Amino acid sequence: MSQLILTQHDKVLLITLNRPEARNALDNATLQQLAEALEAAANDASITACVITGNTRFFAAGADLREMAEKDLPATFNDLRPQLWARLNTFPKPLVAAVNGYALGAGCELVLLCDLAVAGENAQFGLPEIKLGIIPGAGGTQRLIRCVGKALASRMILSGESIGAQTALQAGLISDIYPDELCVDYTLALAKTLSRHAPLALQAAKQSLRQAQEVPLQAGLIQERQLFTLLAATADREEGIAAFLEKRPAHYRGC
Amino acid sequence: METLLCEVTRGVMTLTLNRPDRLNSFNVALHQALAKRLTQAEQDDSIRCVVITGAGRGFCAGQDLNDRNVDPNGPAPDLGESVETLYNPLVKRLAALRKPVIAAVNGVAAGAGATLALGCDIVIASRQASFVMAFSRLGLVPDSGGTWLLPRLAGRARAAGLALLGGKLSAEQAEAWGLIWQVVDDSEFSATVEQLAQHLATQPTYGLGLIKQALRAAETNTLAQQLDVERDFQRLAGRSRDYREGVSAFLAKRPPQFTGK
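Protein chains in written order, with this note's numbering: chain D, 1 to 255; chain A, 1 to 261.
What the hints contain is simulated information worked out from the structure, not anything from laboratory work. Just so it is clear, the structure is predicted and the values come from calculations on it, not from any experiment. We treat Cβ as the ideally placed atom computed from N, Cα and C, and that holds for glycine. Hints may contain errors.
Heads up, simulated SDA-like pairs for lysine to any residue below, C-alpha to C-alpha not over 25 Å straight-line [what the hints assert, rightly or not]:
| no. | chain 1 | residue 1 | chain 2 | residue 2 |
| --- | --- | --- | --- | --- |
| 1 | A | Lys92 | D | Leu182 |
| 2 | D | Lys192 | A | Leu236 |
| 3 | D | Lys131 | D | Ala75 |
Just the calculated beta-carbon pair ranges, DEER-fashion [unchecked claim]:
| no. | chain 1 | residue 1 | chain 2 | residue 2 | range |
| --- | --- | --- | --- | --- | --- |
| 4 | A | Asp67 | D | Glu67 | 41 to 51 Å |
| 5 | A | Lys261 | D | Cys147 | 38 to 48 Å |
| 6 | D | Leu65 | A | Arg239 | 34 to 44 Å |
| 7 | D | Gln223 | A | Lys261 | 47 to 57 Å |
| 8 | D | Cys147 | A | Leu165 | 48 to 58 Å |
Just need the whole structure built from these sequences, with the hints factored in.
In structure tokens form, the structure reads like this:
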């Protein structure tokens with residue numbers, strides 16, 4: 001049974017996590033389906049960007065604790081989950097999280113994995129793993145500190161206390177706050193704005209932004225310039241600049 | 001005797017603070033009873049207006065000082081705790097409640113009783129009622145939103161006078177200063193409150209809730225931010241059933257039948 005609802009809106013794929021009975025907990029099956037959906041979208045030229053959302057009360061309230069509890073040390077060592085997360089991370093197109101309600105634990109880590117996150121007014125973000133005698137295991141301690149800084153990341157991870165949308169916005173975890181009921185609509189509108197740009201430029205920009213987290217500045221600048229140079233060979237660059245100079249909308253073809 | 005009376009009639013929940021021998025001052029039991037009723041008001045769609053009033057000659061004298069067992073020779077009490085756990089949640093819930101809340105101030109409203117009343121959406125006072133910022137006379141600070149509300153309602157000069165001097169403000173003066181909506185003669189007080197509450201309970205409750213939220217947001221927003229809030233809320237309101245009903249009723253020249261959704 002599918003735990004995701006997929007709908008396409010122009011060039012944007014909307015992925016809705018749909019396990020309301022489990023507060024959208026991200027068990028292995030859900031992560032697997034998510035990875036498959038993103039891999040299909042990566043190879044689908046009609047899709048330029050993806051939005052992930054949950055329901056009005058829960059984006060995703062964590063991992064599946066029963067599934068986790070069953071695993072002892074050897075089973076945890078050989079867990080498939082890190083590979084599933086790695087597959088999500090290879091999605092090359094813009095990935096946007098639209099968060100209503102709770103994004104906790106693995107749910108928060110999924111938000112952190114996305115390129116861009118926006119939230120409804122009542123969204124809550126937290127990494128409560130510490131309260132269970134564990135720690136975040138899917139990027140929480142690494143990605144959070146890179147986006148909100150040491151003080152808030154340490155506070156959240158060591159206390160397990162969550163933060164509201166307003167704090168998340170101020171700290172740089174999300175880029176926008178919308179009224180809850182309009183959050184998905186507005187995120188789709190934002191994703192549609194992105195998806196009107198040249199697909200290859202979006203991918204190159206995403207790749208360059210990601211490298212900024214991983215390599216020293218000088219190396220990042222060199223890689224940025226290489227990606228910049230690569231785009232010079234695309235038809236869409238010619239179209240983009242010509243359309244601007246001729247004061248007309250650009251028609252990109254993804255090549 | 002129950003510390004809080006609750007009556008729900010035709011969409012109106014009337015909550016009567018009922019400790020008349022102690023001027024309806026707050027103790028923990030009254031807070032708990034009020035919290036329970038507000039949960040009901042939040043969850044029950046058939047309740048479309050809340051009225052808060054007092055039994056007997058007073059509205060509410062704020063915190064019951066007897067309830068705090070203040071021992072002048074004992075260690076200093078943590079007043080912040082009851083503010084944090086009892087008064088602040090109450091003020092926030094009344095502000096966040098997506099339905100209109102009327103304070104029907106039938107008599108003296110003092111301390112937190114006064115600031116609570118002033119924080120309601122519509123304040124009606126009987127001519128004998130008064131508002132007393134009693135905090136400063138005990139060495140305390142106006143709580144339950146007092147220091148936030150007073151400058152917004154009365155302006156800085158009057159807010160400072162009220163809060164620092166702790167004097168009594170008559171209902172008529174409160175109306176003249178724009179702190180409250182209306183003063184009504186004692187003989188017409190309950191009929192006026194009932195009429196107003198009944199009116200609100202038949203209005204587009206969802207839209208009224210959005211108006212409350214928008215006014216609240218305006219307290220901290222810039223014009224540009226508030227224009228965005230208005231756009232967003234208008235989008236939400238435009239999706240409501242009551243908006244469609246309002247338009248069809250207008251076009252058909254008949255009275256609208258709002259359901260609050």
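| request: Could you check the hint for me, namely that Cys147/D and Leu165/A are 48 to 58 Å apart, CB to CB? | output: holds, 50 Å
| task | Given the hint of 41 to 51 Å, check if Asp67/A and Glu67/D actually sit that far apart at their C-beta atoms. | result | holds, 50 Å
| Assessment of proposed distance window 34 to 44 Å (beta carbons of Leu65/D, Arg239/A) | holds, 37 Å
| Given the hint that Lys92/A pairs with Leu182/D, does the C-alpha gap stay at or below 25 Å? | OK: Lys92/A and Leu182/D at ~23 Å, within 25 Å.
| query | Quick one, are Lys131/D and Ala75/D close enough, alpha carbons at most 25 Å? | reply | Distance ~22 Å between Lys131/D and Ala75/D Cα, so the pair holds.
| said: Check whether the Cα positions of Lys192/D and Leu236/A lie no farther apart than 25 Å. | reply: At roughly 21 Å apart (the allowed maximum being 25 Å), Leu236/A and Lys192/D satisfy the hint.
| Consistency of beta-carbon spacing, Lys261/A to Gln223/D, with hint 47 to 57 Å | With Cβ atoms ~54 Å apart, the hint holds.
| Do the Cβ positions of Lys261/A and Cys147/D conform to the proposed distance bound of 38 to 48 Å? | Roughly 39 Å apart at Cβ, these two residues keep to the hinted range, so it holds.
The structure shown violates none of the earlier numbered hints.
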